[in-house]
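Residues per chain are reported as follows:
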Amino acid sequence: MLKAQSSLGVIFFPAYDWAISPTHPEREERLLYTQDQFREEGLFDIDGISEYRPLFATDQDIMRAHFCFPSVDHICTESHRISAGGAIQAARLVLEEETKRAFALVRPPGHHAMKVVHGNRGFCNINIEAVMIEWIREHYGRKRIAIVDTDCHHGDGTQDVYWHDPDVLFISIHQDGRTLYPGSGFPHENGGPRALGRTINIPLPPRTSDEGYLYALENIVLPILADFKPDLVINSAGQDNHYSDPITNMQFSAQGYARLNELLKPDIAVLEGGYSIKGALPYVNLGICLAMAGCDYSAVREPDYNAAALREDPDTMDYIKQMSGHLRDVYFHPERGDFEKQGEYFIRERKVFYDTDGILEKQREELKDCEHCRGLRIIHTSTDRILPCLGVELPIDCCPACEREGYEVFNKKNDAFLVAQMLDQKNKQYRYRPKR
Amino acid sequence: MRIGIDIGGTHTDGVLIDGTRLVAAAKTPTNHDNLLESISQVLHSILATQDPTSVQTLNLSTTLSTNAIVTGKIDAVGMLVVGGPGIAPETYRIGNHFHLISGSLDHLGTPTSELDEEELEEAINSCCDQGVTCFAVASKFSPRNPVFEDRMLEQLRERADFVSSGHLISGQLNFGRRIHTAYYNSAVNRTFRSFSTALSASLKGFALQAEVNILKADGGTMPLTRALETPVQSIFSGPAASVMGILATTPADTDLLMLDIGGTTSDIALFASGQPLLEREGIAIDGHHTLVRAIRVESIGIGGDSLISIDANGVQTGPQRLGPCMATGGSAPTLMDALNVLDLADFGSVQRSREGMEELASKHDLSPHQLAQDAVDAALSAISGKIKALIAQVNAKPVYTIQEILEDREIAPKKIIVIGGPASVFKKLLQDRLNMEVIIPPLHGVANAIGAALTRSTSHLSLSANTARRQLSVPMLGIFRTIPRDFNLDAAIEEAQSLLAADLKQAGILIPPDEMQITQADSFNMVEGSYTSGKNIRVVAQVQPAVVAQLDASAAEISITGQP
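Top line first, the protein sequences correspond to chains A and B. If you number the first sequence the way numbering that gives the first Met the number 0 does, the last residue is 435 and the count never jumps. If you number the second sequence the way numbering that gives the first Met the number 0 does, the last residue is 563 and the count never jumps.
Be aware that one or more of the hints could be misleading.
With a straight-line cut-off of 25 Å between C-alpha atoms, the simulated BS3-like cross-links for lysine-lysine are [what the hints assert, rightly or not]:
hint, chain 1, residue 1, chain 2, residue 2
1, B, K414, A, K2
2, B, K414, B, K426
3, B, K387, A, K99
No lab work stands behind these hints: they were computed from the structure.
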């Protein structure tokens, strides 16, 4: 009988009764063939690999990570709570040391969901990794966490959630944003004024294959992780870099994915995108599970796999090699971006489009440039559908002045906001202002 | 009338039941070198004053196949395996004639590389040269497409005495288990066949004309003719017989537990709303997982003869057994002796129990009473720990739909049914420890044979359909045929039920359609690019384990012939 070198808990939740719409890529069928492959391979007969069911994320779990407007229920259905609950189960297994590692193979995904949520962006409503990370910090205290987002699309949601948080290192490797949704994820996006160099973006040219991808991993990601020394490494494990994925242009393989996880050694992996449900997912998921468990994955390959035909051209390799030195500097010697400042506040004003739901959000973020803590954050947001809402965030190290000011803003009477939400990491208070 | 016989590791038990009334019961030590002799002895006792021709059914639970496998008294099997990419098929090597043949199917059953005919021929020749006549064939994803297994079967037809084909034994996906299940099925074939021949002759000698069924590990039966094709299904039927005995003697419609206390080990089973829970995929034997459906029974190394020892962690009870308890002539104190010392039991020579306990206690500066108390506590802790873990595991079992997560009911047994020799001794102890109602059913000494007598046939099949490819497959029945493009879930459910009914009817079993359960019914839209190309439909139908009658509890207890 096969034995896992490191025990692995797999939270397999295919949500066989949920779809965005009947022919949407994010539909019931998505993990069906992965399950067939797992069953046929007897994955859960391997000594040390076990299957678990997801937990269920509560309002509090979600409100630790997000400003949901107008309410959590308006944003989340049960499917999102269970998907996030799957990620929480993965974290619980690892932090309680029930298993060495865990893989939340759950849907729907979450990495395009930002700090403020009004609806679905890029198939995501809530950011399941962020809900998980906040759950970890709530129950196990402050931690240094590295998220490596290996989905083919830039993890703009996760980047946004942790933009100002120096405890969380976010690294996204993805197909160049000039060629793919969501069109962001460039090296100059390197973190907010108080978390410079804690966001790293590695855009790879289309048609990058195993060699180029793994080169970037070994020469950019791993040296940065070695320096950051995180308590936990999380793989935001999208599978759409695969050569057969219908909505991207990369040439990564199941072997490449397995090797990636062997090198990265994530404590927790969480499934993100990946929509080649017959040609890629069964093999990629098997490869990831075996690699995470430290089992031999050398014979896992797609039926039509042809390494020579998939290899990137020499120009692509040269380009990746050339940019890797520069990208390491984004972490080691981060350049300060152009941060707009009004008085003692950093200001960000932007528009966010929710492609799935067709919502346009207008947002103004104020971050206090505080000498004593990371600074109070105040967000004003409205969309073409709802009146302005208010979000107030107090950081975990919040100073008394910011705390006082935050609660003043939150409790202010006769303001123009439809809804106000407090996200107080210091005192662990997450709530909406009662309606008057 | 019905006869039930359970050949166990220690005893062979037999009962004769008329409707709901127990007519006769007998017990005899099992003669492992001659099981037929044990069967004859109990038949002799229970038929002593009865007309054998009025017996319609004889259900037999036997350790024959299990023992053959665990003692290695099995036939050489030529195991022909077609693997392909994925976990190395070498992982599943079993027996001395294991051959890997190139070829592969994907998860939809599409051949992605052809079967290597030369390698196949070489493998068969190599086996034949070494005198192998029993074979088993298994290919990865054969339930999706049996083409490679069928081809191997064809090549073996002239040269093999018996061939087990993976997809015909189980329609479930699990390549490693398929290999091992097919292997064991062929490995015990000859042993089972010769037993069956001798059994038939012996039954004629008793003038019995009853139909003969063999118990399976899932608590149901299969006709003897079916058992000759799939003898592997008869492994581990003993614990299943006990579980069915519970259903036959105790009204059970709630969540409850069963504890069968033996000499060396005790078995624990869990019932949800009165239904025994099955293993998720199948039972393991001799360290190998199989696809043999089985009632989930957890064993724990605690029994009446469990040795009491003292180490750095304090007083331990079990899991070792050196011999019987001192009260019946053993050489070291056991759990039964502790119960004697505490005046909870009065078994054999209580004096010898006391002496043994005193001797061990004095070596460790303990009073004999304290030692006995600690030993009983240790046993109860082990049992209650195991029960809690089992309940937690069952409640944590994976589910795959949102509806199941939201609606799943937690299994929370409030009752425990205790059977086995020392059952009554444990009644109050378990009641206090588990905080559950403890029930000791009447006639628990032969509950297993009662279960065997009263259980009915079980069967199951899995059907899958792919309307894009217009394919329908029911692997276990060897059905792979074309369907119309508008085939849908309702049609699939109907088809599964009627195929299961027809198959059972062919085996001489009539089961009303409303007693057939559909345990899975899913239909997935298959999308190619941006259009819906068809539906992927999965249906599992089963006849679940059940008893044909409840034993009349009000009837006077009868004596069990051969019971000490």
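Here is how each hint holds up against the structure:
{"no.": "1", "hint": "B:K414 to A:K2", "verdict": "38 Å, violated"}
{"no.": "2", "hint": "B:K414 to B:K426", "verdict": "12 Å, holds"}
{"no.": "3", "hint": "B:K387 to A:K99", "verdict": "24 Å, holds"}
Violated hint: 1 only; the structure is consistent with all others.
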